[in-house]
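Read top to bottom, the protein sequences are chains A and B.
This note's numbering applies: residue 138 is where the first sequence begins, and numbers increase by one.
This note's numbering applies: residue 46 is where the second sequence begins, and numbers increase by one.
Please note that a few of the clues may not be correct.
Said to hold, decoys possible - Only some residues are given here: those of chain B computed to face chain A with a beta carbon under 10 Å: (1) Ser-162; (2) Gly-180; (3) Leu-201; (4) Gly-202; (5) Thr-225; (6) Ala-272; (7) Ala-396; (8) Arg-398.
These aren't lab readings, by the way, just hints derived from the structure by calculation.
For each residue, glycine too, the CB sits at the ideal point set by N, CA and C.
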Amino acid sequence: MTELATRPAAPARQGALAGLRVVEMGFAAAGPLVGKYLANFGAEVIRLESRLAADVFRTTYPPFKDGIVEPDHAGMFAFYNDGKRSATVNLKHPKGVALARALIDRADVFVESFTPGTVARLGLGAEVLRAEHPELIVLSSCNQGQTGPHAFHPGYGSQLSALAGFVQLLGEPDSTPVLLYGPYIDYVAVGYGAIAVLAALERRSRTGLGCTIDLSQYEAGLQFLTPSILEFAADGRIPGRAGNTDLVATPHGVYRCAGDDRWVALSVWTDDEWRAFREVTGIDGPATASARRRARAQLDERISAWTATRERDDVVALLRARGLRVAPVLSISELFSDPQLAHRGMWPAVTHPTIGAMHVMAPPFRLSSTPSLQERPGPTLGADNDHVFGEILGLSPDERRTLDRDGVFQ
Amino acid sequence: MSGRILADLGADVVKVEPPGGEADRLQPPFIGDIENADRSIRWLAANVNKRGITCDLGSPDGRGLFARLAAKARIVIESAPPGRLRELGLEDALRGAIVVSVTPYGQDGPLAGVPGSDLEVTAASGSLWLAGEEGRPPVRTAQPQSPYWSGMYGALGALVALRAAEPQRVDVSAQAAMTTVHPPAPVWWDIAGEEHGRTGPFLLGRSNVGSRFRNLWACADGFVSFAIQGGPIGRHTGRMLAEWMAERGSVPAVIAAIDWDRFDNTRLEQPEVDALESAIEPFLRLLTKAEFYAGVVKRKMLGYPVGDARDSLADPQLRARDFWRSLSPADGLPPLPFPGGFALFDGERPAVRRPAPRVGEHNAEIYSELGIGTAELSRLRAAGTV
């Protein structure tokens, strides 16, 4: 739908999604990270935002570089919006809405993650947009979907992860549940959101028709819990917390090593693996899996005693040399120096205009001939106004000055 | 799981298993606790909407069959150890397809080929480090999550690759997949040099002065998720909580003293947070999960009960959106509620169309589509190839 003349210039290395234009409006993670993945593979992703109601990742959620609580010092925004452009538009001004509309009319995909009904009230609902551009793909991502009795109930990812049942599955059986640290379910919805957009593009390439996608972050998350739901429905058991135990493998656990807060994770799945484990550690125990499961507590004690005096990385090297399953429990800082993640380029280094040297996150899948391109962190607020309103929408400098004076670019 | 997602979207996904079925068919738990290749709950969950054939890749005939099938495929998904496809001499046969490879650590690098289950890749991703009680061992989610994350990213990678001019390899690492699931922890390290760790029921990373906020609370019949928050909705939530407390008796002095219009949780020191939370704890303890949920919905407050499988199946929101799809998972078994498609496309939810295949269920159908006649199929069966 976009005129060829206004397409982004082809980069030296073409991403798989080069030539695709995405306009995005929304807050925090669940909507915007969809655009991040599309941008990483070469799509032109334009984030429309406002100085009057900036993303909570720019205004509220720490960390901020040097503790300066300003939109362009916000770590979360810079880290998870890499490769995008930013244009500011005041959606409380009718001319701002008209500019947003004009930009979306020149895009292939529109992603929004506001409360249901918000974009429709602005005149930017999917029905209106697609009446003139049936080939447009609109992804609306929100907590519990666009319809239903809880559609307008506010919420955020950390708590939605609790509602969906993830939290209930994490912790020691004799203790209270614990958090999955952050808004876990948001990132499930991000993956499914990007999948939905690309599937709709695939269909459009055959039919010419776009799509209106209603993604409930709650429903996306429940996909990951399918076995728990089936188990309850089939057998009436509600799966709950199980510490680190497994239904098959014993031993299967996380054991404390020498030093401060150092842990190793290991599991033994077959009788052959058990023999190798016993030989290399000298830890005694039953030869059969069912007997090992019965002796789980004693085995865990013996293994803990054995690891407690050893360095974590020595335990890992020793067991891996025998082909056994073992891994260090890496801390977050260690992720940035882990040789395997480094080999995969997990943390591309970038320079941010106000934050300075920082990293961004690579997609966890690598494409052999059109790899992800990650050269820019999340944009500063309005960094691409000239490009978006001048080059793409063709507004003259005079027109832009007038609009700016009227507060349209706030 | 990559194949499951593509199948949900309407792709014709053919599962290729060794004669007799793949080992994962025997992972517990089983429907009715009966160990059987058609009753593994985790296997069934991952394989609905697919067709299935058997093919012995250990034999030259089997590899020939696989090559003919792969020649007709746009996408081939595999999870063999790195290098295995080359050893089998299958690389040439796969040149025309997008090959999605899902392994614990990826196709190359120092850990390529190192074995790992859900526990180890989760440990190596930082996710375990962040889950559990302070001072106690890190814990993993009781229902393995890394297969789901890896599968989701495999499907995403395949769909990105479909937009490129030439077929290519999509290399998914389960370790890397699990590294994406725990923001904001990497940002705290990268931007602020702060290492986050396990905090049990508390949320970190919402404060500018290092305070932590309780997010999980005991209630009358379980737990609820609730927190002291800032921002417009957080302040509204606090204001409504005070009103709710007043309706049910009295408002503790520390809550009554707050001017919610100016409340900023990011500046509260830990002792102030602790005092507020001590005042809230007895109030929540008297509510059931259902009372709590009805109360927060009525007042448009942030908060949810901590749900489980039974709560999900009873949830009126999911019912109103026609989320559940009833399907008998295997011959002779009663229907079970499967989660329906993950999104609505033009108002339609992708269907759960067919149960997971029995071992070799579609051999005749699919081999016939490849132009293999019944006589040849009988020969392949007799030879144990199929």
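Outcome of the hint check:
1. Ser-162: holds (5 Å)
2. Gly-180: holds (9 Å)
3. Leu-201: This hint holds: Leu-201 of chain B lies near chain A, its Cβ roughly 5 Å from the closest one there, short of 10 Å.
4. Gly-202: holds (4 Å)
5. Thr-225: holds (5 Å)
6. Ala-272: The hint holds - Ala-272 of chain B has a Cβ within 10 Å of chain A, the shortest such distance being about 7 Å.
7. Ala-396: For Ala-396 of chain B, the interface hint is violated, since the closest Cβ of chain A sits about 14 Å away, which is over 10 Å.
8. Arg-398: violated (16 Å)
In this structure, the hints that do not hold are numbers 7 and 8, in rising order.
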